[in-house]
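Residue numbers (our numbering): 1 to 104.
Please keep in mind that the hints were generated in silico from the structure rather than gathered at the bench. There could be a bad hint or two in this list.
[To be verified] Here are the simulated lysine-lysine pairs, DSSO-like style, with alpha carbons at most 30 Å apart:
1. K47 with K69
2. K47 with K14
3. K38 with K14
4. K38 with K69
[Claimed, not checked] Computed spacing ranges between beta-carbons, pair by pair:
5. Y16 with I49: 45 to 53 Å
6. L67 with Y16: 21 to 29 Å
7. R33 with A94: 31 to 39 Å
8. Y34 with A77: 22 to 30 Å
9. Q70 with S30: 18 to 26 Å
10. A97 with Q70: 18 to 26 Å
11. R81 with R53: 29 to 37 Å
12. V91 with L12: 50 to 58 Å
Quick reminder that beta carbons are idealized off the backbone N, C-alpha and C, glycines included.
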Amino acid sequence: MTQSNTVTVQILDKEYCIACPADERANLESAARYLDGKMREIRHSGKVIGADRIAVMAALNITHDLLHKQQRLDQEATSTRERVRDLLERVDHALAADPDAQQA
């Protein structure tokens, strides 16, 4: 693998060289900054000691947030589908009740 396909990121004061396609570099760097911030928050809370435990807690917190947001998006999509279905039924009823609409 060539040097141009690797990105060096810093997470909790450690450097990591990660293989990454050039078009994903910005996303990887952003993800590393986000993870670093979450790990620093956990470390500064003083409730978790050790880089491994901090990493696991950060992963759990990030995963929890991701799943919660996905659940909320799924609920919103379901609600939107139900609203569209309701509107279509109302349009169908209005067209069925309008004799002029049936002749067109």
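Here is what the structure says about each hint:
{"no.": "1", "hint": "K47 with K69", "in the structure": "holds, 26 Å"}
{"no.": "2", "hint": "K47 with K14", "in the structure": "holds, 21 Å"}
{"no.": "3", "hint": "K38 with K14", "in the structure": "holds, 15 Å"}
{"no.": "4", "hint": "K38 with K69", "in the structure": "holds, 17 Å"}
{"no.": "5", "hint": "Y16 with I49: 45 to 53 Å", "in the structure": "violated, 21 Å"}
{"no.": "6", "hint": "L67 with Y16: 21 to 29 Å", "in the structure": "holds, 25 Å"}
{"no.": "7", "hint": "R33 with A94: 31 to 39 Å", "in the structure": "violated, 53 Å"}
{"no.": "8", "hint": "Y34 with A77: 22 to 30 Å", "in the structure": "holds, 25 Å"}
{"no.": "9", "hint": "Q70 with S30: 18 to 26 Å", "in the structure": "holds, 19 Å"}
{"no.": "10", "hint": "A97 with Q70: 18 to 26 Å", "in the structure": "violated, 41 Å"}
{"no.": "11", "hint": "R81 with R53: 29 to 37 Å", "in the structure": "violated, 42 Å"}
{"no.": "12", "hint": "V91 with L12: 50 to 58 Å", "in the structure": "holds, 57 Å"}
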